[in-house]
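Peer 1: Quick mapping for you: the protein sequence lines, in order, are chains A and B.
According to the numbering used here, the first sequence is numbered sequentially starting from 1.
According to the numbering used here, the second sequence is numbered sequentially starting from 1.
These are computed hints drawn from the structure, not numbers from a lab.
None of these values were measured; they are calculated from a predicted model.
One should not assume that every hint holds.
What the hints assert, rightly or not - Where chain B lies over chain A, by a calculated footprint (3+ residues, C-beta under 8 Å):
(1) 29–40
(2) 51–59
(3) 85–92
Stated by the list, open to error - Quick list of in silico lysine to any residue cross-link-like pairs, SDA-like style, CA-CA up to 20 Å:
(4) B:K92 <-> B:D82
(5) A:K4 <-> B:T85
(6) A:K4 <-> B:V86
(7) B:K92 <-> B:C78
(8) A:K4 <-> B:G90
(9) B:K92 <-> B:T6
(10) A:K4 <-> B:I89
(11) A:K4 <-> B:R87
(12) A:K4 <-> B:L88
(13) B:K92 <-> B:V5
(14) A:K4 <-> B:P91
(15) B:K92 <-> B:G103
(16) B:K92 <-> B:V79
(17) B:K92 <-> B:M104
(18) B:K92 <-> B:L102
(19) B:K92 <-> B:T81
(20) A:K4 <-> B:A93
Note that the Cβ used here is the ideal one computed from N, Cα and C, for glycine as well.
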Amino acid sequence: MDKKRPVNLDIGTIRLPITSYVSILHRVSGVILFFALAIFLWMLEGSLASEQSFNELGAMLANPICQFIIWGSLAALAYHAIAGIRHLIMDFGVGEDSFYAGRNSAWAAVVLSVVAIALLTWWIL
Amino acid sequence: MVTTVTSLGRSGLFDWMIQRISAWVMTAYLVFIVGYFFSNPNLNYAQWAELNSSLPMRMFSLITILSIAAHAWIGMWCVLTDYITVRLIGPKATAIRIFFQLGMIAISLLYVIWAIDILWGI
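Input sequences plus hints: build the corresponding full structure.
Peer 2: See below:
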């Protein structure tokens, strides 16, 4: 392979379909979750260590900054799970036979994520 | 040429399968925990500790954290091998990528140990 052939992967100059955005966000949310897992485990630890730490965690969750961090982590989780379940459905041969089916399921993932994150916001507040 | 020495399954096919199996486990855990919180809106400590100290729940949580670690390892490996490349960031890319890959693997293993410590310390 000629190593000097031109490569254009300047994303800014390429018009991407919705499937690309869904895919990139899936990666971004996955990387966020890798670090957010520390927050989830820290909360699990606080909720299980003792009744006192359980109550302290409950009090901490009333703090708006804590709420925002947890909201962001759970929003990443909701999106990543929904976009991931889309792939699991495709594994069964559903909706992976054409670009249009992929585009429609990508939009469905976006819409479902917006609904899930809205419900999440309502649950936290 | 990217080698697969730091990948979990040592081949794309194995990585793909581990990624799917772990995804199903995590989906099951997520559905369960969301359902549990939804049906127990005024959860207290005793109830929560009782659930998490029961053997079936400990096993479910353990399988889930192992799935998370494997899934994160494979996912982070894909991201690191895609973006920390010689073409994108220059000749030191391989050394930098190995550093981040080993760091990512270490963090994944620490998460597993931490989770076991939490679950068996109730």
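Peer 1: Compare the structure with each hint and give your call.
Peer 2: Hint check:
| no. | hint | verdict |
| --- | --- | --- |
| 1 | 29–40 | holds (count 6) |
| 2 | 51–59 | holds (count 3) |
| 3 | 85–92 | holds (count 4) |
| 4 | B:K92 <-> B:D82 | 15 Å, holds |
| 5 | A:K4 <-> B:T85 | 16 Å, holds |
| 6 | A:K4 <-> B:V86 | 14 Å, holds |
| 7 | B:K92 <-> B:C78 | 18 Å, holds |
| 8 | A:K4 <-> B:G90 | 15 Å, holds |
| 9 | B:K92 <-> B:T6 | 17 Å, holds |
| 10 | A:K4 <-> B:I89 | 17 Å, holds |
| 11 | A:K4 <-> B:R87 | 11 Å, holds |
| 12 | A:K4 <-> B:L88 | 15 Å, holds |
| 13 | B:K92 <-> B:V5 | 18 Å, holds |
| 14 | A:K4 <-> B:P91 | 16 Å, holds |
| 15 | B:K92 <-> B:G103 | 17 Å, holds |
| 16 | B:K92 <-> B:V79 | 17 Å, holds |
| 17 | B:K92 <-> B:M104 | 18 Å, holds |
| 18 | B:K92 <-> B:L102 | 16 Å, holds |
| 19 | B:K92 <-> B:T81 | 13 Å, holds |
| 20 | A:K4 <-> B:A93 | 19 Å, holds |
No hint from the list above goes unmet by this structure.
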